[in-house]
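Colleague: This is what each chain is made of:
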Amino acid sequence: MIKILAIDDNNDNLVVLYAMLTTSIPDVVYDSARSGREGVDKARSNPYDLILLDLVMPGMDGYETCRQLKEDPDLQRIPIIILTAEKTDASSRIKALQLGADSFLSKPVIEAELIAVVTTMIRVKQSEDTIRREKQLLEKTVAERTGSLQFQLEELKRTERELKNSYAALETTKLATLNLMEDLRTEIEQRKRSEETLKESQKKYMELSIMFRSISDNMTDMLWAKDLEKRFIFTNKSVCENLLVASDTNEPIGKGDMFFVKRQRELYPDDPSWHTFGELCIDSDQVVMDSGHPGQFDEYGNIKGKYLFLDVRKSPLLDINGNLIGTVGSAQDITNEREITKQLEQSERQLSTLVSNLPGMVYRSSTGFDDVMLFVSDGCFPITGYKPEDFKTNPIGLFNDLILEEYRETKWQQWKDIIAKGEMFEGEYPIKTAAGEVKWVWERCSGIYNDSGDMLYVEGYIEDISDRRAAEEGIKKLNDELEQRVLERTAQFEEANKELEAFSYSVSHDLRAPLRAIDGFTRILFEDYQPFLDSEGKRVCAVIQENAVRMGQLIDDLLALSRLNRTGINFTGINIANLAQSVYAENTNDEEKKRTIFTLTNVHGAMGDQVLVRQVLVNLINNAVKFSSRREVSQITISSEVHNDMVFYCIHDNGAGFDMKYADKLFGAFQRLHSIKEFDGTGIGLAIVQRIIHQHGGKVWARGEVDKGASFYFSLPLKVENKQ
Amino acid sequence: MNPLESVDILIVEDNPSDAELTIRALKKSSLANHFFIAENGEEALDFLFCRGKFSEQDRSKNIKVVFLDLKLPKVSGMEVLRVLKAHEATKMLPVVIITSSKEDPDIEEAYKLGANSYVVKPVDFDSFIHTISTTGLYWLMINIPPKVKSSV
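Those protein sequences? They're chains C and L, same order as listed. First residue of the first sequence? That's 1 in our numbering, and the numbers climb one at a time after it. First residue of the second sequence? That's 725 in our numbering, and the numbers climb one at a time after it.
Simulated from the structure, these hints should not be mistaken for laboratory data. Built from N, CA and C at the ideal position, the CB exists for glycine as well. Check before you lean on any hint, since a few could be wrong.
[What the hints assert, rightly or not] Subject to a maximum C-alpha distance of 27 Å in a straight line, what follows is the list of computed BS3-like cross-link-like pairs (lysine-lysine):
(1) C:K70 - C:K95
(2) L:K798 - C:K498
(3) L:K752 - C:K538
(4) C:K135 - C:K3
(5) C:K538 - L:K798
[Said to hold, decoys possible] Okay, the calculated beta carbon distance ranges per label pair:
(6) C:R563 - L:G838: 36 to 42 Å
(7) C:A542 - L:E744: 17 to 23 Å
(8) C:E494 - L:G838: 30 to 36 Å
(9) C:Y529 - L:E833: 40 to 46 Å
(10) C:S535 - L:E832: 47 to 53 Å
(11) C:N497 - L:C774: 27 to 33 Å
(12) C:F679 - L:C774: 39 to 45 Å
(13) L:H854 - C:R631: 31 to 37 Å
All chains should be modelled from the sequences, with the hints used to inform the complete structure.
Modeller: Right, dumping it as structure tokens:
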């Protein structure tokens with residue numbers, strides 16, 4: 001059956017085609033479509049073997065229809081024969097062929113041509129279909145064969161895996177066998193080695209025995225071992241020589257102590273002190289065997305007439321199963337140490353007696369602040385009310401009880417810090433005695449060191465200083481009171497000084513004014529009322545004036561004196577000779593200079609306040625000039641000498657002098673030894689001199705004789721250190 | 725007393741004896757014509773600043789110098805000095821301290837406050853006369869005062 005689709009808009013053409021095809025091709029099934037669109041739709045829903053296609057159609061033309069059919073993968077194998085009348089030119093044929101058309105037939109269709117082309121096309125299509133089918137069959141067969149081969153491959157692989165497993169199991173078995181063989185070989189080697197080791201051990205044992213013997217015999221300590229019957233099974237050289245007196249180290253083996261004791265005693269039967277060792281000692285071997293524990297024993301007595309003291313250590317001897325088979329022992333000769341200890345104890349007893357005679361307590365404590373009081377003298381009882389034993393049992397606790405709480409921490413800290421630094425602690429603190437009494441004590445202590453500088457212990461001395469404290473406190477209280485009184489007094493003085501200053505200010509100002517008035521108005525009286533005054537009236541005026549002026553001078557001098565207290569001293573180096581010369585020149589008139597011999601001999605310089613020292617010289621030189629004014633020739637000499645950092649000056653005149661019995665009055669304020677008539681003056685000058693010299697740390701004094709002149713001495717410092 | 729208009733020395737002095745002696749000294753030097761005596765500091769300031777009882781006075785006073793005692797009732801001499809030297813109109817007016825005090829602190833303070841001179845009144849009459857007349861002569865005859873109106 002061949003299915004053919006004809007697509008043409010002209011029904012006549014379709015009928016013609018139908019007629020041609022059905023007559024010439026017997027098993028044809030003919031179908032038709034009147035447009036391109038219908039043709040494409042029909043081709044998609046029916047399996048045609050061939051399509052006849054008109055080229056010129058309204059709507060979708062033959063080209064487009066051909067293109068659509070050939071683009072569809074399900075339809076593209078259907079051969080298309082283009083039927084066309086008009087477009088038979090080459091270009092339209094090429095276009096149709098390019099779109100996939102398989103052949104051309106020109107209209108009007110010649111039946112024979114149509115049938116030939118259709119038959120050919122169908123044959124081509126059928127053979128193509130056959131080839132395709134065969135190819136599909138072949139592909140299916142190949143796929144089936146491949147599946148079968150795959151299965152066989154899997155089978156093969158599985159077999160290979162099983163084979164591999166079997167091989168691995170075989171390998172394991174082989175390894176195990178090899179190991180077994182290796183073990184066997186190792187065991188054989190070990191056995192060989194054991195035999196060698198055994199030989200080696202035997203050799204070592206021999207060597208060790210020799211070494212042990214050498215060591216034992218080289219020791220000064222005694223060594224031995226005994227069996228259960230207390231017979232020696234080992235002795236070293238020292239025990240044989242020094243205790244047993246045996247001939248060699250083999251002799252005691254199998255023998256007991258008594259064998260040797262007897263032999264020694266029998267040597268000197270008449271000398272009971274030849275061998276007494278062990279007579280008073282217990283059977284220490286038995287003690288150790290009974291107890292099963294090591295023990296320490298003091299054993300002593302005479303050996304060959306000489307006292308021996310042994311520090312003996314014994315221990316049970318066990319076999320490898322732990323059964324007691326005897327004892328081992330060692331002994332150290334401590335005869336000498338015992339002797340030294342005894343002597344030390346004796347010396348300590350003597351020291352203790354010495355220490356107990358001290359007024360305070362002496363102690364020695366361990367260094368670690370760890371509660372160990374090694375020694376406390378009996379002196380502790382009178383001070384603390386506690387006995388030495390009390391301190392030994394609980395020293396820190398007891399010291400804590402003793403020291404008053406508020407001092408405790410600081411005292412301990414100080415004590416520890418100072419002792420740790422290796423210095424000496426010295427301090428005072430209050431304690432409370434067993435009876436509750438508070439006492440002050442003084443302590444001094446320091447560390448005691450060995451040769452390598454390690455502190456062995458702390459030693460100290462504590463003394464009751466309550467009485468001394470009380471006395472000191474009394475003095476301190478007294479001092480405080482005194483100081484307070486001094487402060488009060490100073491304040492009073494300062495107050496008084498201030499009042500004095502205020503007073504002198506008033507004096508300086510207020511006392512002058514009335515004086516000036518007295519003087520002035522007397523003068524006015526004298527001048528304006530001269531005609532009314534007789535000679536006596538005039539004299540009285542003169543007296544009033546004279547006194548007013550003197551009082552003015554007095555006030556000035558008094559002020560100068562009081563001012564001295566207020567001014568500080570400004571020390572500088574002063575050339576006294578120059579200063580004296582200028583003072584003399586300035587304070588004397590020509591007439592005075594004419595009859596005066598003013599001499600300076602060996603006048604040193606000194607330290608002092610320029611202004612104040614000048615005042616001293618002014619006063620003293622003026623005095624000298626004044627009191628020598630009655631002489632025909634005044635002689636004034638200034639000289640000096642240096643003694644112990646002070647310069648001593650002397651101003652000598654040949655004037656009126658004075659009686660030495662009034663010498664102490666010379667330097668008092670307002671003290672005068674002469675009448676105004678004799679010599680003018682206020683009596684202040686020397687007081688000022690004295691005050692200035694004293695302020696300089698110097699001294700002033702005078703020597704004189706009536707009518708034989710006077711010498712005034714004063715001293716000034718040669719140098720001043722940090723003064724002012 | 726002279727008319728206030730022609731005053732050229734203001735003497736501030738509370739002690740009448742001293743005042744009288746001062747006048748006598750000035751008279752001896754023929755300088756006694758032109759002065760006014762204030763008896764205390766307050767009066768001196770009133771006079772100079774035309775206050776109180778002097779408020780009606782002519783202000784054309786031509787004072788050349790003030791002689792000022794330190795110890796005065798009411799307003800002290802130092803205070804008068806301080807006020808005069810602090811006031812624009814009077815700070816150039818020459819002020820001579822004439823006092824009995826020789827105390828160093830007084831001298832120092834007076835100069836600090838701007839005193840132009842410090843003179844101590846001697847007790848001795850001859851010295852007193854000499855001192856006052858010399859001082860008066862110097863300030864009135866020799867010294868050239870500043871060219872400003874010395875009063876308010």
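Colleague: Now tell me if each hint is right for this structure.
Modeller: Hints versus structure:
no., hint, in the structure
1, C:K70 - C:K95, "holds, 14 Å"
2, L:K798 - C:K498, "holds, 24 Å"
3, L:K752 - C:K538, "holds, 22 Å"
4, C:K135 - C:K3, "holds, 24 Å"
5, C:K538 - L:K798, "violated, 40 Å"
6, C:R563 - L:G838: 36 to 42 Å, "violated, 26 Å"
7, C:A542 - L:E744: 17 to 23 Å, "holds, 21 Å"
8, C:E494 - L:G838: 30 to 36 Å, "holds, 33 Å"
9, C:Y529 - L:E833: 40 to 46 Å, "holds, 42 Å"
10, C:S535 - L:E832: 47 to 53 Å, "holds, 48 Å"
11, C:N497 - L:C774: 27 to 33 Å, "violated, 45 Å"
12, C:F679 - L:C774: 39 to 45 Å, "violated, 58 Å"
13, L:H854 - C:R631: 31 to 37 Å, "holds, 34 Å"
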